[in-house]
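Line order of the protein sequences matches chains P and V.
Heads up, the first sequence is in the working numbering, so the first residue is 1 and it goes up one at a time.
Heads up, the second sequence is in the working numbering, so the first residue is 1 and it goes up one at a time.
Heads up, a few of these hints could be off.
Per label pair, the in silico range of CB-to-CB distance [what the hints assert, rightly or not]:
1. P:Leu184 - V:Ala304: 28 to 38 angstroms
2. V:Gly285 - P:Phe11: 22 to 32 angstroms
3. P:Ala5 - V:Asp247: 44 to 54 angstroms
4. V:Asp298 - P:Phe7: 43 to 53 angstroms
5. P:Pro461 - V:Asp298: 30 to 40 angstroms
6. V:Asp247 - P:Pro461: 28 to 38 angstroms
7. V:Gly197 - P:Val283: 33 to 43 angstroms
8. P:Leu184 - V:Glu82: 50 to 60 angstroms
9. P:Arg242 - V:Gly285: 53 to 63 angstroms
10. P:Ile392 - V:Glu108: 36 to 46 angstroms
Just some of the chain V residues that point at chain P, by a computed CB distance under 7 angstroms [stated by the list, open to error]:
11. Arg73
12. Ala188
13. Asn248
14. Gly290
For the record, the hints were derived by calculation from the structure and aren't laboratory data.
In this text, a Cβ means the ideal position worked out from N, Cα and C, and glycines have one as well.
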Amino acid sequence: MEFAAYFGEVFTVPAMLLLIGGTIGGLILGATPGLSPTMAVALLIPFTFQLEAVHGLILLGAAYTSTVAGGAVSAILLKIPGAPANIATTLDGHEMARRGQGARALQLAFLASLVGGLIGVALLIFLTPVLAEWALAFGPSQLFWLAILGVTIIGSLGTSSVVKGLLSGCIGLWLATVGFDDILGVQRFVFHSSLSGGISIVPALIGLFAIPQVIAMFADGRRMSSIEAISVERHPLSRAVRELLSRVRAVVIGTVSGSIIGLIPGIGGQIAGLVAYDQARKVSPERDKFGTGHPEGIIAAESANNAMVGPSLVPLLTLSIPGSPTAAVLLGGLLIHGIFPGTDLFDNHPHVAWPFINSMLIGQILMCVFGLYIASLAARVALVPKSIMAPIVLGLAVFGSYSVQHSMGDVYVMAALGIMMYFLERFGFSAAPLVLGLILGPIAESNFIQGSLIAEATVGPFAYFFGGALNLLLVAIVVASVGYSLYAELRARRTAVAGGDAP
Amino acid sequence: MKHVIAGLALVLAAVAGTVEADEYPDRPIMLMVSYGAGGATDFQARIVTMTAGNEDALGVPIAIINKPGAGGRVGWNWFATEAEADGYTLAAYNIPHFIAQSIKGGVEYSKDSFEPIANWGADPAVFIVGTESPFNSMADVVAWAGENPGKLTFSGAGLFVGHHIAALQIEKAAGVTMQYVPTKGGGAAAMKAVIAGDVMAGINNLSDAYRAREAGNIKILAVADIQRNEEFLPDVPTMMEEGLDVDNSSVNFRGIMVPKGTPDAIIDKLASIVPEMFMNSRVLGKMAAGGSPVHVMDREEVLAMWEERDAYLRELLKDL
Chain P
1 MEFAAYFGEV FTVPAMLLLI GGTIGGLILG ATPGLSPTMA VALLIPFTFQ LEAVHGLILL
61 GAAYTSTVAG GAVSAILLKI PGAPANIATT LDGHEMARRG QGARALQLAF LASLVGGLIG
121 VALLIFLTPV LAEWALAFGP SQLFWLAILG VTIIGSLGTS SVVKGLLSGC IGLWLATVGF
181 DDILGVQRFV FHSSLSGGIS IVPALIGLFA IPQVIAMFAD GRRMSSIEAI SVERHPLSRA
241 VRELLSRVRA VVIGTVSGSI IGLIPGIGGQ IAGLVAYDQA RKVSPERDKF GTGHPEGIIA
301 AESANNAMVG PSLVPLLTLS IPGSPTAAVL LGGLLIHGIF PGTDLFDNHP HVAWPFINSM
361 LIGQILMCVF GLYIASLAAR VALVPKSIMA PIVLGLAVFG SYSVQHSMGD VYVMAALGIM
421 MYFLERFGFS AAPLVLGLIL GPIAESNFIQ GSLIAEATVG PFAYFFGGAL NLLLVAIVVA
481 SVGYSLYAEL RARRTAVAGG DAP
Chain V
1 MKHVIAGLAL VLAAVAGTVE ADEYPDRPIM LMVSYGAGGA TDFQARIVTM TAGNEDALGV
61 PIAIINKPGA GGRVGWNWFA TEAEADGYTL AAYNIPHFIA QSIKGGVEYS KDSFEPIANW
121 GADPAVFIVG TESPFNSMAD VVAWAGENPG KLTFSGAGLF VGHHIAALQI EKAAGVTMQY
181 VPTKGGGAAA MKAVIAGDVM AGINNLSDAY RAREAGNIKI LAVADIQRNE EFLPDVPTMM
241 EEGLDVDNSS VNFRGIMVPK GTPDAIIDKL ASIVPEMFMN SRVLGKMAAG GSPVHVMDRE
301 EVLAMWEERD AYLRELLKDL
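Chain V extracted, bound-state conformation:
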């Protein structure tokens, strides 16, 4: 069915006469998302690529293909080993997920298997508790966890994802042990566990937590980032302000990459057009409406960020 739609789009693009046959790109581009349809990454990828067919962007549509499984490993394994490096196969990346996975091993990729194009979003992890919870600040949490070692249960979306990294950092910074409860089924299941009181606290995405707080279901105690989020949560302090030495290493960066071996000319062209495409006013409007923080970074900035994350995560995950 997706092929049919992609085919229809191709016909439409050809009819509209926007295709320059001798120049890249001259046919629709595929963007692989390694999470399921409807998840935050999928949802944002669909928004940021919706103007790809515009004359001032790529001039051809981008079709999303989902290859979910094993926390993203299935899709990225496929992308590293089987995707063609011709510029017509892109993928969405999630940092720190794929770098942390490559450090833990058992996958066929590392940060050197891919070439970043541009970053579109940065979703920090936040520490949440239910509305009825006695905890009102990170100090309350740390104090309780200090008196009751290993007894404070908190949820997050799986292992070696941003939530897990934030959990490890908090425990390390506070010098306490708590019981991290990874859930299957992403951030939504972890959020449900907090709202329903299955666990005492949780780590979740800023965007999802913002909506849940708007709905009156949770309290947000702190955000694991360098600065407060002025757009959505200006009143929530950072971990540093709360006295915990937790930086932005768990921030979930999302962006677009291509496989290693893609011709430089194509990488350069994508790297110059794609950040502009992310800044389209319609894209920004939809992202803001969905509560998704936008953070556009160009190729050079992303390369530096990957490098930095890789070094830090190697250190953090060393003794695990």
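Same shape as in the complex, but just chain P:
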């Protein structure tokens, strides 16, 4: 219980001011499309030059925590995931917002984030040494199988047809190959100089999710003379708390998947939300409601992406290995004050390490409080007429893609993908599996190539990729995941045929 002794250093005036400022700022940055947690933390690094080490870290930790949660706001209200972590939140969250239940969706998102986040940081506090070994157990072969596991959920994600889901996923996997390959040193599909770096994930996210909507809004605006009347339901907080408590299963699945995935260096939190969403749907008796505005979808996704925050710092704090881009930026924040993370961090710098971790606990609570406060106000976004909303979203989309690396090339990529997605959506394809393919492609490919290089020099490919308990366990889960999807598909078809109303 060593950590409890250091709470006093969090409850000082400068620390609390930074914590509150970082949280509110982080929520706003997180809610802005294009400003991912990594970017928010990087933007704050120069400010920490002037601060004491512990204060600088408190600011960065608060910003990390709250940008991840803040991304839910634009995911739910605008259907633009602020970062890859929030993709799964759009699936049900935006459906709820469209029905005027934005406040309910946001409240559930922030409450679920709080639960997941607190448990994630608690894992960081109590189990760090154990977890560090687990994080190192994932080498190229294990990461490859993990990425394949991600690919198996593509087919069932956010679309009614497995075939169309898989096709969307394949488009994503193909898009992921564009650009210069660092490992083999070759260029692929570089038709224009702005593609030489590949397709960056944030502009792609914005384009694929926001642009089809903008086009649809403009089209509707011309067709419909009267403004669509949505009433925004008020939603008391106590009901949201009760609802969360009644859906413990989704919270548990979200938190557990988020914590495990957050730990693994190289996968980071990008897929935590999607994996949790998929698992929650598979075990839910109401699985048909997923994708139509089902609260469990939001709860699983948001508890997962905040649960990942704490464990994602384990490899950084114990081994000095940043497991995610955001952790890499935090490492810079530590080094600038001469603090080298490592196994003895907590012995050498307890006055920095513990207050930092404690502040993340307090930060989770502050994030939830401020988040809930803005939830009821933000939900009124649904009242804005489409003719006004469309240009605002378009502006945010351009701003968001440009700001990632001050590049017009990213804006072109965003626009091109967006227009492509508009037509794909009209034929029943959806953006979520496409993005998942885009995220998983490089992970699967680079780990397969690295694994092959190592395997050729050592034990041979078969023994390398199928050797060891963890590899076999992952392969078994992959097989089970595919088998379950096939079983569910067959059962659904049989029911449909028996019911006599096959589509």
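Following the hints, position chain V against chain P.
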């Protein structure tokens, strides 16, 4: 957002009255870093430019813009073709990376596309193994690799970067073949592969390896430089001391450059002020704290170094 911050900085600078309107520089300067936020180059660039706004330095702040991708090629392509040569757009260079890339082709720059201003750091490559490894010297490594051709796996951050050059030099000097495993995601991923035992050894940056050794995660067998690093690793021998003819060609030099075509008056002014700025005591303190070796070189020295590297790398990469 960065624009907002740059704008705020501009307002602050104007309020402080430090701007002389008729003289360069009269507005904030941008420094393009062709690697992601949080990487070693980005981190060091932020430190060495933090005093740019001081009266005795440039008097205007320098804002960092990241254009990562394709091992730096995206940023440097942009810098060679689109950046304005007006002195307000600077970039960080990494040697041997951009020269090796230009020799291998497929990019729109060469060493003649840029004008160096000054060098701030030199991060040598080091040869590392996990703490449990049976290898305790380069002789052990070479002996094992000689008996098991192509079976010794070692990691490094990508192709045609300092780590890869060091790997090629070691293989050539020792007359052995080993399996180089490039990683995606820079030195951190290559380091993780060594600590986790995914590979048997690795090449990494001196600064990162120093920290990892402090944390008790790795052993450092040799440094690929002419001299030992007295500041951080006085006990680690050079490759030459270990009997391998490997010089300092893989040392990762970092510094500031401008596009070709920038007016000479501006280049001269930057070249006289920037090395002084790197020697600021606050900068040196932060660099030392972060374990980043400082090596300040003026424009003439950098020009000579670029020339020398270009000639050597053409020779080394000829048969690849």
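To see whether the hints hold, each was checked on the structure:
1. The hinted window of 28 to 38 angstroms between P:Leu184 and V:Ala304 holds, with their beta carbons roughly 34 angstroms apart.
2. Between V:Gly285 and P:Phe11 the C-beta distance comes to about 30 angstroms, which sits within the given range of 22 to 32 angstroms.
3. Between P:Ala5 and V:Asp247 the Cβ separation comes to about 52 angstroms, which falls inside the hinted range of 44 to 54 angstroms.
4. Restraint check, V:Asp298 to P:Phe7: a C-beta distance of roughly 51 angstroms satisfies the suggested window 43 to 53 angstroms.
5. Checking the proposed 30 to 40 angstroms range against P:Pro461 and V:Asp298 shows it is violated: the Cβ atoms sit about 52 angstroms from each other.
6. In this structure, V:Asp247 and P:Pro461 meet the distance hint of 28 to 38 angstroms, their C-beta atoms being roughly 37 angstroms apart.
7. The hinted window of 33 to 43 angstroms between V:Gly197 and P:Val283 holds, with their beta carbons roughly 35 angstroms apart.
8. Distance hint check for P:Leu184 and V:Glu82: the Cβ-Cβ separation is about 27 angstroms, which falls outside the suggested range of 50 to 60 angstroms.
9. Remark: the range hint 53 to 63 angstroms for P:Arg242 to V:Gly285 is upheld by a beta-carbon distance near 55 angstroms.
10. Between P:Ile392 and V:Glu108, the C-beta spacing of about 37 angstroms keeps the proposed range 36 to 46 angstroms intact.
11. Below 7 angstroms, beta-carbon pairs count as interface contacts, and V:Arg73 has one with chain P at about 6 angstroms; its hint therefore holds.
12. Contact between V:Ala188 and chain P, as hinted, is supported at the beta carbon level, the nearest pair being about 5 angstroms apart and thus within 7 angstroms.
13. Among the interface hints, the one on V:Asn248 is violated; its C-beta lies about 24 angstroms from the nearest C-beta in chain P, farther than the 7 angstroms criterion.
14. Interface restraint check for V:Gly290: the shortest CB-CB distance to chain P comes to about 4 angstroms, inside 7 angstroms, so the restraint holds.
Violated hints, in rising order: 5, 8, 13; the structure is consistent with all others.
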